[in-house]
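Novice: Just so you know, the protein sequences line up as chains A and B, in that order.
Residue numbers for the first sequence follow the working numbering, beginning at 1 and rising by one.
Residue numbers for the second sequence follow the working numbering, beginning at 1 and rising by one.
Hints listed in this document are in silico derivations from the structure and should not be mistaken for laboratory results.
Note that beta-carbon positions come from the ideal geometry of N, C-alpha and C, so glycine has one too.
The reader is advised that the hints may include incorrect statements.
Said to hold, decoys possible - One-sided excerpt, in silico: chain A residues whose CB lies under 8 Å from chain B:
1. P78
2. L81
3. R98
4. R139
5. Q144
6. G160
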Amino acid sequence: MKKKLTMLGLAGLLALATGAATAGDPLRVGVEGAYPPFSWKEADGTLKGFDIDMAMEVCKRLNRECVLVEQEWDGMIPALLAKKFDTIIASMSITEERKKKIDFTIKYYNTPAKLVAKKNAGFDGTAAGLKGKRLGVQRATTHQCSAEKLYPGAELVLYGTQEEVWQDLSAGRLDAQLSDSLQAYEGFLALDAGKDFDFLGDAIDDIECQGVGAGFAVRKEDTALRDALSQTILDIRGDGSYKAMNDQYFAVDIYGN
Amino acid sequence: MAEQERTFFEYLAYISENHSPLDFMLVADHIDKFFYGALLTIEITVLALLIGGAMAIPLAVARAYRHPWLNGPIFGFTYFFRGTPLLVQTYLVYYGLAQFDFVRESFLWGPILSNAWWCALITFSLNTAGYTTEFLRGAIENTPKGEIEAAQACGMSPRRMMWRVVLPSAFRRALPAYSNEVIFMLHSSVVLSTITLQDILGVGRWLNGRYYLAYEGFITAMIFYMILVFFISKGFRFWEKRWLGHLRPRDTANT
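Please build the complete structure, drawing on both the sequences and the hints.
Specialist: Next comes the structure, spelled out in structure tokens:
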């Protein structure tokens with residue numbers, strides 16, 4: 001296993017050394033590994049989840065070997081720009097702010113963001129309701145942007161991973177948190193740890209921060225790769241393999257309208 | 001607009017947009033947050049050093065004189081805190097303890113353990129107490145024999161000798177090692193940002209996260225830490241001159 005990883009790493013270095021990737025070169029994909037059910041890490045170190053399956057399927061169709069590169073969330077865009085990998089497949093929302101730095105494919109799914117708090121929390125999900133409340137979000141997400149914009153009176157608490165947000169919410173250190181509703185349901189509310197919690201209010205309405213769904217990110221100059229990836233997403237969506245992957249993890253179609 | 005008519009901020013904006021890979025304007029806009037972050041960094045570092053230092057004195061004395069039943073446990077304590085990373089210790093206190101229902105239902109949870117500030121202060125204090133105990137013990141053990149004999153010859157009781165001779169002398173000789181500990185503690189305090197506290201690095205990571213940047217937050221944080229270290233080293237150089245003057249190599253040519 002370790003040897004294989006080393007070889008994959010070497011292949012990655014080689015691709016870096018030879019510059020522009022051509023067909024047949026491995027595709028280096030930045031993934032997070034701390035965002036179930038989209039991406040998480042098994043005890044033996046293997047990566048699993050919808051994003052991971054998506055990455056594998058895309059590589060297969062592009063006829064390129066996949067090299068998954070794990071990257072902490074808040075360094076994801078800098079790492080892409082530093083050419084540590086060629087694309088990000090990590091549930092990254094397509095927003096204008098990010099488009100200043102990088103480029104995106106078309107969306108591969110779109111789920112709304114919602115607040116989560118204790119059942120019968122005693123306050124509502126408005127700016128007034130959250131005033132003075134401790135509101136947790138993962139750093140460098142669209143939710144950090146929305147939280148600062150929509151709930152200026154709340155005390156913002158920032159975390160490196162979404163899993164830490166859930167830990168502190170269930171430990172009672174947070175009054176509420178803002179995140180992707182699907183991840184919130186599958187990764188927390190449906191589990192035993194989340195049984196005392198529920199969504200607070202409806203999906204938030206904030207296109208400026210939240211963007212138009214999650215896409216794969218590429219560097220701005222890699223337009224050919226971007227178009228190839230976008231086409232692959234359309235193909236996967238079109239021929240039913242999207243549904244197969246989707247249904248493995250979710251009860252609803254997450255593609256959105 | 002003519003070059004000389006620009007204000008400093010307009011110039012900064014112009015440089016940021018046209019010439020620099022770094023966006024200085026974003027940093028300038030949020031510099032107040034960095035100062036608040038610096039206050040938190042200084043607050044926790046200083047308090048932890050005071051508490052840990054106060055704990056270390058009796059522990060070091062007990063270790064140096066091989067107290068029959070305290071020496072072992074104290075060695076275990078210092079070995080644990082010096083042998084494991086501060087990050088792991090802090091995670092254990094902050095995320096680890098919160099996993100247990102009995103901790104969350106205890107009277108300590110509400111005021112202390114649910115609070116990241118207190119978790120950090122407790123861990124940092126114990127950590128620096130571990131390091132300080134060991135080098136203070138070394139300094140006490142290396143007290144020159146002559147000083148002890150002189151104190152005994154004056155008829156000092158062991159307790160008086162400890163306060164008047166052994167400890168002051170050990171503190172002076174431990175001072176250079178302690179300046180390292182203070183700087184290490186300051187550097188280690190970046191762990192604060194991993195448990196949600198907005199210290200200097202926490203603010204840097206907030207800025208990077210908010211605007212999806214790579215460098216601006218980190219470089220600004222670095223400059224803040226460098227300035228703090230500059231003042232710490234200046235301070236210690238002053239104190240070393242003052243209290244270690246008698247140990248300085250003499251310049252014999254001019255005497």
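Novice: Would you mind marking each hint as holding or not holding in the structure?
Specialist: Right, here's what the structure says about each hint:
For P78 (chain A), the shortest C-beta to C-beta distance to chain B is roughly 3 Å, which falls under 8 Å, so the interface hint holds. Checking L81 (chain A) against chain B by beta carbon gives a least distance of about 7 Å; that is within 8 Å, so the hint holds. Evaluation of the R98 (chain A) hint against chain B yields a held restraint, the C-beta minimum of about 6 Å falling below 8 Å. Evaluation of the R139 (chain A) hint against chain B yields a held restraint, the C-beta minimum of about 4 Å falling below 8 Å.
With 8 Å as the threshold, the beta carbon of Q144 (chain A) comes within range of chain B, its nearest partner Cβ sitting at about 6 Å, so the hint holds. The restraint placing G160 (chain A) at the interface with chain B holds, with a minimum CB-CB distance near 6 Å, inside the 8 Å limit.
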